[in-house]
Structure formats: structure tokens, C-alpha cells
Amino acid sequence: MSATPQRITEERVGYGDGVLAKLFGDRYTQYRELWNKACKRETITEFPLYLQFEFTPFCNLSCVSCIHGIEELKSSYTAVDLSMDYEKIILEAERFGCPSISFHNNNEPLLVRDLEDKIGFAKRHGFIDLILTTNATLLSEERADRLLESGLTKINFSIDAYSEEAYRLTRRKGDFRQVLANIEGFLELKKKRGYELPITRVTFLINRNNYAETGQFRAFWKDRVDLVEFQNFQALDGYTEALCPPGYERYEGFECTYPWQQVVVRSNGDVLPCCSFYGADIVLGNIAQNSIYELWHGEKIKALRESLSHKSYAHASCRRCARTFYKKSE
-4 MSATPQRITE ERVGYGDGVL AKLFGDRYTQ YRELWNKACK RETITEFPLY LQFEFTPFCN
56 LSCVSCIHGI EELKSSYTAV DLSMDYEKII LEAERFGCPS ISFHNNNEPL LVRDLEDKIG
116 FAKRHGFIDL ILTTNATLLS EERADRLLES GLTKINFSID AYSEEAYRLT RRKGDFRQVL
176 ANIEGFLELK KKRGYELPIT RVTFLINRNN YAETGQFRAF WKDRVDLVEF QNFQALDGYT
236 EALCPPGYER YEGFECTYPW QQVVVRSNGD VLPCCSFYGA DIVLGNIAQN SIYELWHGEK
296 IKALRESLSH KSYAHASCRR CARTFYKKSE
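The opening residue of the sequence shown carries number -4 in the working numbering; numbering runs sequentially from there.
One thing to keep in mind: the hints can contain errors.
As the list claims (entries may be wrong) - DSSO-like, lysine-lysine: derived pairs with alpha carbons at most 27 Å apart:
id, residue 1, residue 2
1, K186, K118
2, K35, K113
3, K322, K35
4, K118, K32
5, K17, K118
6, K322, K217
7, K32, K17
8, K217, K323
9, K295, K32
10, K17, K113
11, K187, K118
12, K295, K83
13, K35, K306
14, K306, K295
15, K35, K69
16, K323, K35
17, K297, K323
18, K17, K186
19, K217, K17
20, K217, K185
21, K118, K185
22, K83, K35
23, K187, K168
24, K297, K32
25, K113, K187
26, K83, K297
27, K113, K185
28, K217, K32
29, K83, K113
30, K69, K168
31, K186, K217
32, K295, K322
33, K17, K187
34, K322, K306
35, K297, K35
Treat the hints as calculated values from the structure; they're not laboratory data.
When you get a sec, could you build the whole thing from the sequences and use the hints?
Next up, the structure:
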């Protein structure tokens, strides 16, 4: 099976999986082995290996490559209530030994005021890999302190720019200098308090506005954080193709593996098979009527896996998603 060329991660030696394997031992190693098998569609675990939560559908930025930057898409995506029963899901996941959880999807998680309490609850109920991705605009010193205390194992800062100008063009409504100050403050506080975790990562989604800055971005961050990650351009079908950087072409070899790895739970309790924006149209069920276990073994996700295995893309949303990936021309 061909790999999807979406992420290029540059890692400091000794970080990433190595740190967590050292801290959590065989359980973490076994989890990653299962994850790799799921990535190859070689196994369907009893319960998802990874739960992804979207406690709010909102974001405080309006990035050009995101649904929140396109009013037509934003208005439909955010029209959901906030009725998810989070603790019910965590307690079910604990019974099956689910190892990994994230507290973000197509949103800004720091808009959730009790986020750190939710992280702590998951930590106390057996999760060993607790992940957060944030745009860092709301990462005050007080929030940094609470996040460091919460039990997070990984935190990802989405920046997408080296210069203030590229940031302004790409991540609208954000304050570039404040974001840098917030991240630097977090890193300094982590060092001062002697925390080994969370592992820190900065991400850079390549597009026409920022593609020339990848080298400068790498040089600036490589000795400040544990991981520097570049993500290849992905379009929103019919909306953002013009943002494709020079020298990139549509990637025809995409093969989805998400329904073998994870589910996403939205703020209204809808359970989705993937984290893509298009996944909001593929609702497996709702946590108010179904358990995660039932939906993971249900007919809808079985049919989806079958379709994806044969690249038939029976669902229209899958067909749209599959044609939105790009890679650098060879």
C-alpha cells in the first residue's frame, strides 16, 4: 500500500515515541505496534486506538486553508449543539484500555474553559497518550501552567509561517508576535518547572503564501522544540485549490486508513470515522443512542472499510476528500 505524503517530521534524537516508550513501557510499545498495523489495514482492534474530541465546533481564527476561513463551510459546520457526554465515553474507553486521545479536531480547543479538567479526567482513567493541537493565540501564562499540570503528553502548535507577513496572509485574525511570545513562554515555563512532557511540536502547512519560508521556519524552531513538522498542501475541494504552492501536483495515490485507527466525537455527540472536514457528513451514530464499541463494530463503518479497501469510495465525501491531496512534483 502506498503511503500518503502528508507529513514530513523532523525529530530531535531521543524524542517522540522514544520518550513515551521509556516512560510508559510495554503498554506504549504495544499500542504503537497496533497503530502501525492499523495504518496498513492489517488489523481491526476491539476498540478504537485513538479517540478525537471536538468539544466546540468554533475557532477564533479565519485561516485561508480552513473551513473557518470560508463562511459557507463554517456556518454549516458550526451549527451543532454542545450535548456530548464526555465522561460516559471516557469510562467506556477505560474498560477497553484505549491508549490515545486528543482534545482537538477542526476547532480551537483553548476556547474550552475546562479543557484542562477534561485532560486530567482522561489521564486518571488510563489514557497514556494525551494530545493537543492549538493555534496558541489563547495560550496565556495561566493556561500554560494548567496545561503543564494536566498530564498532556504532546502539544502541537500550528503556526504555518516564519514571517509576520506570511502569517497575516495565512492565519487571519491572529497576532503573530503574540503567538510567538505565548509559545516561548510555554517552553520557558516547561523548562523552569522541569517537565519532561509534553513533547512539543510546531507545524507548518505548506501553501502558496508561505512555501518559500520552510527553511527559515526549520532553522528557527529546530533547537527550540522537540519536533518540526511540515504538512503538504491539501485543498478544500472547490474552494482553496488556488492556494496550491508552485511545484506541487495532485496526489493520486491516497489511501485512507482512519476507520481502522480512530473515531471523532463532535460536540453534539455525533461519532465520525475520520478527522477530515468531510467526515462530518459520515455520521456513524450518536453517543446518546450508541456506545463507541457498537459503532466501531457497526454496519456503517464495516461498509466504509470495505469501500476504502477497494478504493471504490462509495461515499461522496470520501471521493471529495481523496482528490484534495497534493505532493511536491518529482
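The hints, checked one at a time:
1. K186 to K118: holds (22 Å)
2. K35 to K113: violated (31 Å)
3. K322 to K35: OK: K322 and K35 at ~20 Å, within 27 Å.
4. K118 to K32: holds (25 Å)
5. K17 to K118: holds (18 Å)
6. K322 to K217: holds (23 Å)
7. K32 to K17: holds (21 Å)
8. K217 to K323: holds (22 Å)
9. K295 to K32: Satisfied, since the Cα-Cα distance of roughly 22 Å is no more than 27 Å.
10. K17 to K113: With Cα atoms ~25 Å apart, K17 and K113 stay inside 27 Å; holds.
11. K187 to K118: holds (23 Å)
12. K295 to K83: holds (22 Å)
13. K35 to K306: holds (14 Å)
14. K306 to K295: holds (16 Å)
15. K35 to K69: Violated, because 33 Å separates the two Cα atoms, which is more than 27 Å.
16. K323 to K35: holds (23 Å)
17. K297 to K323: Answer violated: K297 to K323 is near 33 Å, above 27 Å.
18. K17 to K186: Holds, at about 19 Å.
19. K217 to K17: holds (23 Å)
20. K217 to K185: Status holds; Cα separation ~17 Å.
21. K118 to K185: holds (19 Å)
22. K83 to K35: violated (30 Å)
23. K187 to K168: Not satisfied, since the Cα-Cα distance of roughly 31 Å exceeds 27 Å.
24. K297 to K32: Answer holds: K297 to K32 is near 17 Å, not above 27 Å.
25. K113 to K187: holds (25 Å)
26. K83 to K297: Measuring from Cα to Cα gives roughly 24 Å; hence the hint holds.
27. K113 to K185: Answer holds: K113 to K185 is near 20 Å, not above 27 Å.
28. K217 to K32: Status violated; Cα separation ~30 Å.
29. K83 to K113: holds (12 Å)
30. K69 to K168: holds (15 Å)
31. K186 to K217: holds (16 Å)
32. K295 to K322: Between K295 and K322 the Cα gap is close to 31 Å, so the pair fails against 27 Å, i.e. violated.
33. K17 to K187: holds (22 Å)
34. K322 to K306: holds (20 Å)
35. K297 to K35: holds (16 Å)
Violated hints, listed in ascending order, are 2, 15, 17, 22, 23, 28 and 32; each of the other numbered hints is respected by the structure.
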